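**Q** Next come the chains, spelled out residue by residue.
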Amino acid sequence: MQVGAVVKPGTLVVDSNSKPVVLLIDDSADVHRLVRTRLRYEAIELVTAFSGVEGIAIAREKQPWTILLDLDMPEMDGFSVLRELKAASDTTSIAVIVLSGISESQDKVTAFDLGAIDYVTKPFDFAELRARLRSSLRMQRLMKMLAERAEVDGLTGLGNRPQFDRRLRQELSENARYGHPLSLALMDLDHFKSINDTYGHPAGDEVLQEFAKIVLGSIRSTDIACRYGGEEFALIMPNTGPDDARAVCDRIRASVAAVKWARHPERPITVSMGLSGLAGPGPGLTAEAFIEGSDRALYTAKRSGRNQVVVGNPATPGGSTPPLAKAG
Amino acid sequence: MSANPLPQEPAIAGGALTSSLSTDPDMAEIVAEFVMEMPGRVEQLTKSWDQQQLDTVQRLAHQLKGAAGGYGFSQISDAAGKLEHSLVALSGAGLESDIARLRSQFGELIALCRRVRA
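Top line first, the protein sequences correspond to chains A and B. So this note's numbering is basically just the index in the first sequence, starting at one, shifted up by 607. So this note's numbering is basically just the index in the second sequence, starting at one, shifted up by 7.
Take these hints with a grain of salt, some might be off.
[As the list claims (entries may be wrong)] Using C-beta positions, here's what the derived DEER-type ranges look like:
(1) A/F733 / B/R121: 24 to 30 Å
(2) A/K693 / B/H92: 29 to 35 Å
(3) A/S742 / B/G47: 36 to 42 Å
(4) A/A664 / B/A35: 53 to 59 Å
(5) B/D33 / A/G891: 51 to 57 Å
(6) A/A757 / B/Q58: 57 to 63 Å
(7) A/P681 / B/A39: 24 to 30 Å
(8) A/L753 / B/S104: 55 to 61 Å
(9) A/R741 / B/T25: 30 to 36 Å
(10) B/T53 / A/D697: 21 to 27 Å
[Said to hold, decoys possible] Examples of chain B residues toward chain A, derived with CB under 8 Å:
(11) W56
(12) H69
(13) A74
(14) G76
(15) Y78
(16) S81
(17) S84
(18) S104
(19) G114
(20) E115
Keep in mind that the hints were calculated from the coordinates and are not lab data. All values reported here derive from a predicted model rather than from experimental measurement. Quick reminder that beta carbons are idealized off the backbone N, C-alpha and C, glycines included.
With these hints in hand, go ahead and build the complete structure from the sequences.
**A** What follows is the structure, given as structure tokens:
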């Protein structure tokens, strides 16, 4: 394998090809039909709900970019829906445009206080509705880009440490809730410091970038690859038990060892990996305990001669582990 | 003279009320649906009114207010809005004058609804 082009940072930014989902929550079938017709030519995927309860469930599942929310609905009114959306961490950042009667100005004020970003009055002026919706989607696109950029490692384009921390917590809670398998690999480039010392930092950077590229080329789109720090990387593999995760890690390890490096053809690069995973429901581990399991396995890999994958156990309480960086 | 004269459109009191969007090709289909569903809606309204289910009348008026204008029938939105407003403001006892106003607003809305044509 030859070193190819440098990994472009920003691999994780918003997919601009997919249409943003817009959710309409309104109890009137007439309004559904109208909005669907009037937004027919917009580059959106419109989904609809007839009640607040149904709307919140769809919002959770589909993660729309913008919700068009009727305020006046029987049973659960729009204000209660808005309150619930803003109180839950998985729906709080969704932009909400409220649909209110023209005379109800206090309603608009209350809706803004509860976190709505805009309003449209009924009966609709549809040119206005389209303009306000587009403006909301534009803003959402920028917000998402900013949020993702803030979690991307500039050199490699992989996730950075904050992204790793957030996603690992998220996946652990999924495991606790649904019992889906979950694996975590920690990967450390062997003797990386001597690459920098011998061939210079540009050569070291190239190794980091090429390694990131190999990792991205070896994993599924649902796996989360992050730069943990320095020459340490982490790979979160949701819905993957330790056996399957091991196969992924072996593939990465072999690919890295096979690279012929343009700057230093005489010097191959290898990677050591520590892996731990849950094949099913876990014992409600903390992120720290899970990382420790993989970290101990990595230390074993280093001590046993490097360039290998060692599978550990995330659930075993461990003693003290020497810090990774010192292992080299 | 034929024994069977051609069937005639029933006369509409006050003339047909056509959608201001009737020439909008994107809207023609759903305006037609809206108009087709109108008799059912009128029946629902009058039935609820006769049974003095004013909450239901208010709800239906509210929905008409929000939607009819979008289908090009802003007069119906206005009339439904007035009726809804009066129903919201109606005190528990219901003064004679309130009831008379309600009756007239309800009559106006129903008359308008009966006049719609695509």
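**Q** To test your reading of the hints: which numbers does this structure violate?
**A** 4, 10, 11, 18, 19, 20
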